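Same order as they appear, the protein sequences are chains P and A. Read left to right, the first sequence gives residues 790 to 1034 (my numbering). Read left to right, the second sequence gives residues 19 to 482 (my numbering).
Read the hints as simulated data drawn from the structure, not as lab findings. All of these numbers come straight from a predicted model, not from anything done at the bench. Even for Gly, the Cβ is constructed at its ideal location relative to N, Cα and C. Treat the hints with care, as some may be off.
Unchecked claim - Quick list of in silico lysine to aspartate or glutamate cross-link-like pairs, EDC-like style, CA-CA up to 20 Å: (1) Lys470/A to Glu813/P; (2) Lys962/P to Glu51/A; (3) Lys962/P to Glu463/A; (4) Lys827/P to Glu44/A; (5) Lys394/A to Glu813/P; (6) Lys929/P to Asp40/A; (7) Lys989/P to Asp147/A; (8) Lys806/P to Asp427/A; (9) Lys1015/P to Glu456/A; (10) Lys806/P to Asp40/A; (11) Lys929/P to Glu64/A; (12) Lys122/A to Asp147/A; (13) Lys962/P to Asp40/A; (14) Lys827/P to Glu463/A.
Claimed, not checked - Covered, in the sense of this in silico footprint (three residues per stretch, anywhere, with C-beta under 8 Å from a C-beta of chain A), are these stretches of chain P: (15) 917-931; (16) 992-1003; (17) 1019-1031.
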Amino acid sequence: MRIGLFIPCYVDQFYPKVAIATYELLQKLGCDVRFPMKQTCCGQPMANSGYAHLTKGCDANFMANFAEFDYIVCPSGSCVLHVKEHLHDENNEELASKMRKRVFELTEFITDVLKVETIVGNFPYKVGMHQSCHGQRGLKLSQMSELNAPFFSKPEQLLSKIKGINLVSLSRKDECCGFGGTFCVTEEAISVKMGQDRIKDHEAHQVDYITGGDMSCLMHLEGILKRQKSPIQIIHIAEILNATV
Amino acid sequence: MKNNLEHSEAAAIFNKDVKRVDWHDETLWFVREKRDKAAHQIPEWELLREMASEIKNNVLSNIHDYLLEFESNAQKNGIVVHWAADAEEHNKIVHSIMEKHGVKQMVKSKSMLTEECHLNEYLSEKGIDVIDSDLGERIVQLRKEPPSHIVLPAIHLKKEDVSETFHEHLGTEKGNNDPQYLTEAARLHLRDTFLTRKVALTGVNFAIAETGEIVVCTNEGNADMGAHLADVHIACMGFEKIIPQRKHLSVFLRLLARSATGQPITTFSSHFKKPRDGKEMHIVIVDNGRTTQLGREDFRNSLKCIRCGACMNTCPVYRRSGGHSYHNAVAGPIGSILAPNLDMNKNADLPFASTLCGSCTNVCPVKIDIHDQLYKWRQVLVKEGHAPLGKTIAMNGMATVLANPMVFDLAGKVGRFVMKNIPVLVNNSLNPWYKQREMPAPPNESFREWYKKNGTEFNNKNNE
Ligand code: SF4
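Bound conformation, chain A alone (with noise of 0.2 Å):
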């Protein structure tokens, strides 16, 4: 059952504080427009999406070989390998590594795929207790919420916001909104974690096949910082984030920072290749729909995603509307075309959250078809019964009306007649139109009635 807003009702409660939306989209038209300046930089920079683009192409056409090649190079280099078919597995076998050591406590480093998988959730039910250590989702981490983006975790906070949040979490002063001083505080309190943990995870940029080591990009160093400090690192992967070879990863690290910030690469771009001398590494590489995604000819190039966030801060819609709108870990236009994958029924208003201006795809540095797939879920949303009953009646109202000529001609001269002398049968509270825009004036004559008066006569069959 369906326990969320809709799109469009959590969006209509979003936008009631003007002020807030304002910034919150000029805020990510900023990063858009860093993301430009760093893109115009680079002459070769539609050749690079192209490339990558088509790398991608080839590991999704032989991600099982490719898969089989880094889990036997990884092993080789003393990691274990875990494999989870869904969330739940994926829970279990995070959780089994920290039994297995007796450790109640973890540091977290980015993960969208644990946030796919619920894992903060599930683990805190298990009494294990979780610090996420990158600040954006550190601050919605204490203010129990989701991240909202999918590389700005906390961009739908203002600092007012955060300081209110420390100020009740780690007790610093109140209506103190100077950002130095907060960063620091939230340094102080995770430093003190990264001492103390034995067991860290982290994410998964790209893993790559040829020798089975994973990178791992920051911007704060807080996965180096967690990875190197613990006994245990598990790191968890979605299967798409293989890439055949090292020399693949220059084509990539070039994209993702800039798409995603606009900055030339991000901070820390760390090599994990096998455990410290007495520690432990563990990769789990989970599939979680994702096959069946793959297996959806109109939608598997959406597992090209390398989660650089550019197609959301370009999306006028997710500017306005917020990243917790779409209740889904991954918002935004790539979320919307996932998310149906992951749960029709849940989902199904995702796809229609949108104009399908097509900013998104040019964009996107993997070159995914992100307003195509939109368009085309909602032609299988509907098919599969996920539309509401009052739309697929107007619809097929709508369709006998305009596949017969009469008709429509009829209704439209019914319909400006009611507009020019009932008015208040169109321009009222029910018309979703009227309520913060005017209708359009009917004119006297439709442009067939002139051009039947002024138009060049002509026989045409059908017009006989």
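Isolated chain P (complex conformation) (with noise of 0.2 Å):
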């Protein structure tokens, strides 16, 4: 089973350390993983920004990246959301679309294929999970609050055995961070109070993290808890669950 990791273009760029943790971390789950090196961004930015129609070269680079994969891992539900919803190739729709539906986000990876259903780490600390909504409603990670239907959570249940671990529950389980892609400039002071709101919300329960498996959002948190001098931490969930496997 060869494993592509796909990482989002800015956590290569400004959060190595996200994509070390998760790089570890499925080989200490015993998978064959490599990097393509040539991999740039899966076009989103664009995309959500309206101009699909300019994803064409994102779509082809990453054709040519991960063609050979058994299964493409990411640790961002938005850009696996959006490779399984956009990714095109008008001259091989075929293989396109068996790409689509081998990209996995890091922990439905890790819950759904390795079936891997606990992972013995050790995070002493208070912990609070912002749910990104791509992951969440997009790629249906964990129940949404908005349906009548059964509790369940994929990057929870993963979290949940770690030793030492105090996952709050937040009183807005599941409200959007106000990151949105291009949407945390251009609505620049909307996106600012929603991300305020978030972490009051994390605030009032006490957290010394927040976690959570999409670091756009984290991104966009960590800019306001920084500018707000708060100790509390931002922590990709890769990184917790890498913390000592």
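Using the hints, build the complex out of the two chains.
Structure below.
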């Protein structure tokens, strides 16, 4: 089983430690994982801004880099969702369609493909989980509060067995943080207000860390936390899961 | 030409008053939670949504036949049916009925369609005095504002604002913010209206093809008061309000109030089937862009909307930007997919006023794929040339960099170098990210640089 590690462009550039944690974690879980060096970006920033017609280059590049893998795994729900919904190749639609099905977000890959139920780690802190919308409502990584359906959460299931972790229950379980891709700059005022409110919920539950599966949301929250000189830290779920496996 | 502030500008102004924004957000979230409780009490909730969506699918696929069936049944019941192609024609029809009766005053209950058509302005220019009888509508009407929410028209106002408005217009005691006192004042003022108006206009929640009757849902009973006391009842509806049979009503009535306010059912769900003896009843069926929307395959589902407002209450952007920032009769997520259909140029900003979080799609009782439609509108608007030039240039540049691994690598290195060594180039007032957020701290090396040294070597065709 060959696994291609798909690292979002901004994670590669700004949060290499998240990529390293993902890489190490998958290796520890027994995967043959490789990082194709010529990958760049899935094209989501353009597509969500209305420029889906400009993503052909990104699509072609993605296809060239990942075609040969059995699975493509990525520590970001929104990038995975974009590939799943929008990866196309006019000349080889069959392959594109196969690849759309082979791409997985990290925690769903661990729970659904590797069928790993528990990860033995150690993280003795109070943690708030930020459910990123694209992962939750798009990929259905966890149940959404709007629906009348039984609760489940793939990331929480993995975190719950980590030693010492105190996962708090937030007041608004799955409210959006306001990152939203280019929304965070085109609608700066609302974006920041949403982020501040998200942080307030975590603060009210006195967390040490905010974690989540999407570094973009966490980057936005981190930016606000740092500006507020808050002691609350940001940590990607891969880093917690990789702590002592 | 645009004469409105863009959503982001209006939202930034609304956000200056932090306390008010917090209050607006919390009030609507409270309604959303009430909706959750009500929905979660019904085990078959998701099934009901599916049924409602399927019924509406059927309606949209056979709208022509259902409308004719409705018309002929309504006529048999003695109702006069009018057809209006657009807002202008709708307004003219309403006015002509008033003229025919020589009446200069109208009492009106809630109707988002008349907001869409700007009926109040039209009639007042013709010298007709319109009084909105829904309490929230009356408050915004006195303030000469449009409603900011389709179910809770004055939700952007606090009781202090209402007290101020009533003091000015109805002569209530200054500074008396007691909601009971204020409601009583409004009641007395409206009672007089109900007793003296000869023409009453109402909206329509559902029009039943099978029977030719309409159903109007209110919590205040004001539609009934108006329609029962007037000589002429005019009901205005968009053509998508049709449902095939009476039995389908049960599905929608169970969903509507729960989704809107968390109530099991609206206090009044009144059926109007024929005029009372010696009185008149008119129904105006309006297109106003609906045929166009029906023809846009990606967007036709938006016509399933039953105007419950749940998507607004759940929308984290709406809750923090207020309805007026959407500069359209219907605000919020659903408004943002209806508005570009009416005018792409004027409303090109609205589909971008969303993070695409998808909560709206999940609460929608008729399962409209709202956030997917927002995404699709963005593509259409850009293709039709409604994007700012600067954005297009930036996106083209980005696409070039991201399609080319070597350029990407270099751009990343340069970017991180700049952030580290000349931070002022990034951390300045021209960077909207930096205004209220710190930039991420640039690391010494990117992941690919680390991987080159530490990763498993492998040969991939593309990496040679
Ligand atoms: S789109 Fe759906 S949730 Fe929004 S108002 Fe219409 S029916 Fe209600």
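To see whether the hints hold, each was checked on the structure:
no.	hint	in the structure
1	Lys470/A to Glu813/P	15 Å, holds
2	Lys962/P to Glu51/A	12 Å, holds
3	Lys962/P to Glu463/A	35 Å, violated
4	Lys827/P to Glu44/A	47 Å, violated
5	Lys394/A to Glu813/P	38 Å, violated
6	Lys929/P to Asp40/A	29 Å, violated
7	Lys989/P to Asp147/A	48 Å, violated
8	Lys806/P to Asp427/A	18 Å, holds
9	Lys1015/P to Glu456/A	6 Å, holds
10	Lys806/P to Asp40/A	36 Å, violated
11	Lys929/P to Glu64/A	16 Å, holds
12	Lys122/A to Asp147/A	6 Å, holds
13	Lys962/P to Asp40/A	18 Å, holds
14	Lys827/P to Glu463/A	16 Å, holds
15	917-931	holds (count 4)
16	992-1003	violated (count 0)
17	1019-1031	violated (count 0)
In the structure shown, a violation is registered for the earlier hints numbered 3, 4, 5, 6, 7, 10, 16 and 17, in ascending order.
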